[in-house]
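Residue numbers (this note's numbering), protein chains in the order written: chain D, 1 to 201; chain H, 1001 to 1269.
Simulated from the structure, these hints should not be mistaken for laboratory data.
A virtual CB, placed ideally from N, CA and C, is assigned to each residue, including glycine.
One or more of the hints may lead you astray.
Unchecked claim - FRET-style restraints, in silico, Cβ to Cβ:
1) D:170 x H:1145: 31 to 39 Å
2) D:87 x H:1189: 30 to 38 Å
3) H:1189 x D:110: 17 to 25 Å
4) H:1088 x D:170: 38 to 46 Å
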Amino acid sequence: MAALCKVVSRFRCGVRLTSSRVILHSFSSDSSGGSGSDQSAANRPRSGFAAAFDLQSELQREAESAAASSSDSSSVKEEDFASLLRRSPLIQMGPAKDKVVVGTIFHVVKDDLYIDFGGKFHCVCQRPPDGEKLRRGSRVRLRLQDLELTARFLGANTDTTLLEAQGSLLGPLEAKEGRENQNKDSAGRRADPAAVKPEVL
Amino acid sequence: MAARALTKGLLGLRHSRAVTVGYSSVGHQYTTAASTESPQQPARDVTEEILNRSLEKPDFFRVSEFFSLKDLFNARVHLGHKKGCRHRLMEPYLYGCRLDHDIIDLDQTVEHLQLALNFTAHVAYRGGIILFVSRRRQFCHLVESTAKDCGEYAHTRYWQGGLLTNGPVQYGPGVRLPDLIIFLSTLNNVFQQHVGIRDAAKMNIPTVGVVDSNCNPSLVTYPVPGNDDTPAAMELYCRLFKMTIKRAKDKRKQMELLYSLSAPSTPSS
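Looking at chain D on its own, in the form it has when it is part of the complex (with noise of 0.2 Å):
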């Protein structure tokens, strides 16, 4: 008897559909309402179409009023951890094993150039023999081989990691037309000194 009030009311909402759809979705709200038969009416979880509706009814809501109010809250709410670790270059780029990005030189010792290429640690490179052109500041593209030396010995606990990555160098960041339309993808971030990110070419 139970069953049967739920079909009818669920044959009500399905209604709204065009004939074609209504005995699909009175069959897998039949499913579903069979299984939640133990609960009360008004605590039933909605399923099916009911569920999809009302998620995207609030979601739509929300855009709404996201729009209406300022966009810079709105874009400052929107970018939680999860979100923008998934979107940043470094993880999108994978692993590290033979990828080429560009990197800044910000120290020079005689013949070693130390890379930071947007990593948690820089990269130590000799300087190439037609590398005179190349002193601090200088962009470099550079083929990566690991993020972080790290080896666990004999009899250690932890790994013993070197502080450093490791990469060998390309050369120096030609900037040719073909360049400048890539590097105006990235114009705002490559504008920020601070946050150099390892761009993927």
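Could you slot chain H onto chain D? The hints should help.
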């Protein structure tokens, strides 16, 4: 909630009334005796008032507006070491591990950093001595210049064994030890925990420490889980601590001026 606010308002009224009553009663009591204590009493009350005023709001110095999650993210504070370097006690502070690299949970870092900055501000407000400690040679100059800029102290060289625990013998009797020690990196050059953490705990000195994923956060009073290897992150921390300490000291001067101007106006008869 409304009842709580009402009682708080009443308490505030009562406090101010008590102060004025106290002044008047003090004046009456000490009319016969030599009135050497009466000018000191208002000064003490003013100091008490200044100190109590700072405890009224949870974020009195508004340190939460100094930084945002996005700033921490851009400074690469969320990057940890590799999985093999992880300290077991840092696991609650980690968001996860991606391709063997630990990611520190910035939501927790934001909370911890706010607590740490708030505590630093209160210590600076009360005229406490703050000592910046870091054994990273790469950032030694940065830490020392930060300390110099905000008028506090830094120790970025070899830590002698009895610095805190044997202070009166090493530096002379009656030496004043720091009231807060800020560790911008809790490890020393051989990846062991800095001796200062253990010594500060022994001497009841509160510590604020930036703990990376290979550090032990247990003895640090206000741990701040975050990256301590990237220059961008270290510059951010130094900037934040400097701003907090400066703001707290300016606020103290402001409050002293405010209350010293208003103190003579309260009736003492």
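Status of the hints after comparison with the structure:
About 36 Å separates the C-beta atoms of residue 170 of chain D and residue 1145 of chain H, a value consistent with the hinted range of 31 to 39 Å. Taken as a hint, the range 30 to 38 Å holds for the pair residue 87 of chain D and residue 1189 of chain H, whose Cβ atoms sit roughly 36 Å apart. At about 23 Å, the beta-carbon gap between residue 1189 of chain H and residue 110 of chain D stays in the expected band of 17 to 25 Å. For the pair residue 1088 of chain H and residue 170 of chain D, the beta carbons lie near 40 Å from each other, so the given range of 38 to 46 Å is met.
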